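Visitor: Listed below are the residues making up each chain.
Protein chains: 2
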Amino acid sequence: MRKDFFEVIKSSSECKARVGRIFTEHGVVDTPVFMPVGTAGTVKAMPFEFLEQLGTKIILANTYHLYLRPGDELISELGGLHKFISWNGAILTDSGGFQVFSHRDLREIDEKGVHFKSHIDGSSHFISPEKSMQIQINLGSDVVMNFDECTSFPATEKIAEKSMNLTLDWAVRCKEYFERNKKSYQKLFGIVQGSVYKNLRIKCAEELVNMDFDGYAIGGLSVGEPKNLMYEMTDITADVLPWDKPRYLMGVGTPEDLFEGVERGVDMFDCVMPTRNARNGCLFTSRGKVIIKHAKYKKDESPLDPDCSCFVCRRYSKAYLRHLFMSSEILSSILNTYHNLYFYLDIMQKIRHSIKLDSFLNFKKEFLKKYKSKVN
Amino acid sequence: MRKDFFEVIKSSSECKARVGRIFTEHGVVDTPVFMPVGTAGTVKAMPFEFLEQLGTKIILANTYHLYLRPGDELISELGGLHKFISWNGAILTDSGGFQVFSHRDLREIDEKGVHFKSHIDGSSHFISPEKSMQIQINLGSDVVMNFDECTSFPATEKIAEKSMNLTLDWAVRCKEYFERNKKSYQKLFGIVQGSVYKNLRIKCAEELVNMDFDGYAIGGLSVGEPKNLMYEMTDITADVLPWDKPRYLMGVGTPEDLFEGVERGVDMFDCVMPTRNARNGCLFTSRGKVIIKHAKYKKDESPLDPDCSCFVCRRYSKAYLRHLFMSSEILSSILNTYHNLYFYLDIMQKIRHSIKLDSFLNFKKEFLKKYKSKVN
Numbered sequence: 003m004r005k006d007f008f009e010v011i012k013s014s015s016e017c018k019a020r021v022g023r024i025f026t027e028h029g030v031v032d033t034p035v036f037m038p039v040g041t042a043g044t045v046k047a048m049p050f051e052f053l054e055q056l057g058t059k060i061i062l063a064n065t066y067h068l069y070l071r072p073g074d075e076l077i078s079e080l081g082g083l084h085k086f087i088s089w090n091g092a093i094l095t096d097s098g099g100f101q102v103f104s105h106r107d108l109r110e111i112d113e114k115g116v117h118f119k120s121h122i123d124g125s126s127h128f129i130s131p132e133k134s135m136q137i138q139i140n141l142g143s144d145v146v147m148n149f150d151e152c153t154s155f156p157a158t159e160k161i162a163e164k165s166m167n168l169t170l171d172w173a174v175r176c177k178e179y180f181e182r183n184k185k186s187y188q189k190l191f192g193i194v195q196g197s198v199y200k201n202l203r204i205k206c207a208e209e210l211v212n213m214d215f216d217g218y219a220i221g222g223l224s225v226g227e228p229k230n231l232m233y234e235m236t237d238i239t240a241d242v243l244p245w246d247k248p249r250y251l252m253g254v255g256t257p258e259d260l261f262e263g264v265e266r267g268v269d270m271f272d273c274v275m276p277t278r279n280a281r282n283g284c285l286f287t288s289r290g291k292v293i294i295k296h297a298k299y300k301k302d303e304s305p306l307d308p309d310c311s312c313f314v315c316r317r318y319s320k321a322y323l324r325h326l327f328m329s330s331e332i333l334s335s336i337l338n339t340y341h342n343l344y345f346y347l348d349i350m351q352k353i354r355h356s357i358k359l360d361s362f363l364n365f366k367k368e369f370l371k372k373y374k375s376k377v378n
Numbered sequence: 003m004r005k006d007f008f009e010v011i012k013s014s015s016e017c018k019a020r021v022g023r024i025f026t027e028h029g030v031v032d033t034p035v036f037m038p039v040g041t042a043g044t045v046k047a048m049p050f051e052f053l054e055q056l057g058t059k060i061i062l063a064n065t066y067h068l069y070l071r072p073g074d075e076l077i078s079e080l081g082g083l084h085k086f087i088s089w090n091g092a093i094l095t096d097s098g099g100f101q102v103f104s105h106r107d108l109r110e111i112d113e114k115g116v117h118f119k120s121h122i123d124g125s126s127h128f129i130s131p132e133k134s135m136q137i138q139i140n141l142g143s144d145v146v147m148n149f150d151e152c153t154s155f156p157a158t159e160k161i162a163e164k165s166m167n168l169t170l171d172w173a174v175r176c177k178e179y180f181e182r183n184k185k186s187y188q189k190l191f192g193i194v195q196g197s198v199y200k201n202l203r204i205k206c207a208e209e210l211v212n213m214d215f216d217g218y219a220i221g222g223l224s225v226g227e228p229k230n231l232m233y234e235m236t237d238i239t240a241d242v243l244p245w246d247k248p249r250y251l252m253g254v255g256t257p258e259d260l261f262e263g264v265e266r267g268v269d270m271f272d273c274v275m276p277t278r279n280a281r282n283g284c285l286f287t288s289r290g291k292v293i294i295k296h297a298k299y300k301k302d303e304s305p306l307d308p309d310c311s312c313f314v315c316r317r318y319s320k321a322y323l324r325h326l327f328m329s330s331e332i333l334s335s336i337l338n339t340y341h342n343l344y345f346y347l348d349i350m351q352k353i354r355h356s357i358k359l360d361s362f363l364n365f366k367k368e369f370l371k372k373y374k375s376k377v378n
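From first to last, the protein sequence lines stand for chains B and U. Start counting the first sequence at 3; every next residue gets the next number (this note's numbering). Start counting the second sequence at 3; every next residue gets the next number (this note's numbering).
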């Protein structure tokens, strides 16, 4: 049996990009990887059969949603999340913090944890670092995330520092609880906060690295700050993180963001963008975004993306995809989601390939040139 | 090339059940057949990839919906409905009459046709027998249905007769227009009306048979009349219809109805029941219906139907299907629809097999005994 959870196979000579592998109880994940978001135990509109067809190796599931419904204890009783949803690939769970904090009217934070009301039925709940760990242990996810405070943007340095210190305090409590109670195969990631302040980012990363987590996430980005700050924070944070542990840029992002993240040494991404946008009729193609409801596609018999090999692009026309969207047909969500995920996973596949060939920056340049040509 | 549109391969020695084949421009359809309903050019929640996996050879599409959106002329311009929706199997279109008549507040009937308002935007429209033919010719469906008046239930004999006479008048106009303008491969079915009056049913069937259609439908049933009357009308109507033409019982029905119809000589069925019920969480199994939201399935790790070989039953538990339904996840509609259609198509497959073995009544008895046991 392998000892290492993660290994770097090849790194770029041009930048900080690297290709690696994460070894989980539920399969090997090639990195850099994009993780489709499976909020409530399903990647919305995607049968797992399709996710498998897409070569998906890891999905993200939301602790908050599963805790509320159907409940982590029920899932544990039924053998854990993998078994409950019938998914044999790897699962990363978030901590629940992000969802709890984003319902501003429904929550109250103190040092112990967060009191909040369910968005489903208004019932009262309390999540602490320990509770978040316990839920994720019950779910049995392969990668467990620390319960952190996602500092909102903008925040003064003082507020950001206080928030970061809370995240660090909670990190200690998470790790302690996790190590005592985890399932043997589970891994825990620390999350770096610090808003857009270099010194805070560096300090937070250093302290977490001292605690020795299985991997590290860069959190609190893509929350409204300018792109250049997001890239800068990613850059300086990644520099502090150890080479031999996976780095995960949370909640990111656009196709451009994937390239910028990889270039700065990020190994893992997740975002609702490909799936949520799909349901709203916003489709990603090699020549930029397509808003499928646009009247100009009414009689357009061409495929969504002539350069895409997914079954949607091989079989269906833009005119039909538009018709399905305009008619609010469920098939619209299915086909759009399939295509967008194919597009995202295909980018990652090609990124890995380009790094192996040590031509990542060249691929990035070519991809973005075409992507920004917008000739749809 | 074959000359005949339909052939009977084997008939039961016990009853009027028969196995046959319909030869269309878009493939051969084994009968008795159940046609999934693809209202607006999509069988709701079903990628065509799944319909193919299910062995679906023919689907029904709704003239009314496609006429309003995206429009039959647009579809014609794009090469017809098969090409527009990317479906290489056969397509039967209804006449649009049923939908037009069912919007009682929105329509006005006279001898020329029906004035109605769109349920989408309230715009005014007029469909006549000729217009219905033209729309279906534009769509390019393999089987075109006469524009008839679906007599509502209950109706006095006098009203039913008047309505039937309108249907017969329109049948003449439909056939005339169709023969002059059809695409070479298209076939036209006459529709027998007559409410629950034997003499009217027989008269209507006889007159239509004299006009010589490619097939015959039994319409105006399953509209609220008692089951025994529905079966009786099917029975006496089928007796008048020619042996060598397919018979189609419109809008029917439950699993039991499929058996009762086949026993009385019906070759084709369609119904929204498997697909619509699926989206509402009502699932068909070999042991009766399962209402998946029921609390008793909360921790039920068993498959929906242990005797079903569909991928839903092989992979997912009732507990997960319940969770998806309770969370209003799109995947709920997808998996439920797949299973229900599998169940319906599997019944038809087994019915055909049993007729070939001349043991249809035995199979019917066994199936219904188990189906009514309700041990879910």
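Derived by calculation from the structure, the hints in this document are not laboratory data. These figures come from a predicted structure and were not determined experimentally. You may find that some hints are simply not true.
[To be verified] Covered by chain B, per the in silico footprint, the following chain U stretches (three or more residues, Cβ under 8 Å):
{"no.": "1", "stretch": "71-78"}
{"no.": "2", "stretch": "84-91"}
[Stated by the list, open to error] Here are the simulated DSSO-like pairs of lysine-lysine, each with C-alpha atoms no more than 30 Å apart in a straight line:
{"no.": "3", "chain 1": "B", "residue 1": "LYS301", "chain 2": "U", "residue 2": "LYS85"}
{"no.": "4", "chain 1": "U", "residue 1": "LYS185", "chain 2": "B", "residue 2": "LYS46"}
{"no.": "5", "chain 1": "U", "residue 1": "LYS46", "chain 2": "B", "residue 2": "LYS291"}
{"no.": "6", "chain 1": "B", "residue 1": "LYS300", "chain 2": "U", "residue 2": "LYS298"}
{"no.": "7", "chain 1": "B", "residue 1": "LYS301", "chain 2": "U", "residue 2": "LYS185"}
{"no.": "8", "chain 1": "B", "residue 1": "LYS295", "chain 2": "U", "residue 2": "LYS298"}
{"no.": "9", "chain 1": "B", "residue 1": "LYS119", "chain 2": "U", "residue 2": "LYS119"}
{"no.": "10", "chain 1": "U", "residue 1": "LYS184", "chain 2": "B", "residue 2": "LYS301"}
{"no.": "11", "chain 1": "U", "residue 1": "LYS46", "chain 2": "B", "residue 2": "LYS59"}
{"no.": "12", "chain 1": "B", "residue 1": "LYS46", "chain 2": "U", "residue 2": "LYS298"}
{"no.": "13", "chain 1": "B", "residue 1": "LYS295", "chain 2": "U", "residue 2": "LYS295"}
{"no.": "14", "chain 1": "B", "residue 1": "LYS301", "chain 2": "U", "residue 2": "LYS119"}
{"no.": "15", "chain 1": "B", "residue 1": "LYS200", "chain 2": "B", "residue 2": "LYS367"}
A virtual CB, placed ideally from N, CA and C, is assigned to each residue, including glycine.
Visitor: For each hint, tell me whether it holds in the structure or not.
Guide: Results for each hint:
no., hint, in the structure
1, 71-78, "holds (count 3)"
2, 84-91, "holds (count 3)"
3, B:LYS301 / U:LYS85, "12 Å, holds"
4, U:LYS185 / B:LYS46, "41 Å, violated"
5, U:LYS46 / B:LYS291, "26 Å, holds"
6, B:LYS300 / U:LYS298, "47 Å, violated"
7, B:LYS301 / U:LYS185, "22 Å, holds"
8, B:LYS295 / U:LYS298, "42 Å, violated"
9, B:LYS119 / U:LYS119, "46 Å, violated"
10, U:LYS184 / B:LYS301, "24 Å, holds"
11, U:LYS46 / B:LYS59, "29 Å, holds"
12, B:LYS46 / U:LYS298, "25 Å, holds"
13, B:LYS295 / U:LYS295, "34 Å, violated"
14, B:LYS301 / U:LYS119, "25 Å, holds"
15, B:LYS200 / B:LYS367, "28 Å, holds"
The structure fails hints 4, 6, 8, 9, 13 (numbered hints given earlier, in ascending order).
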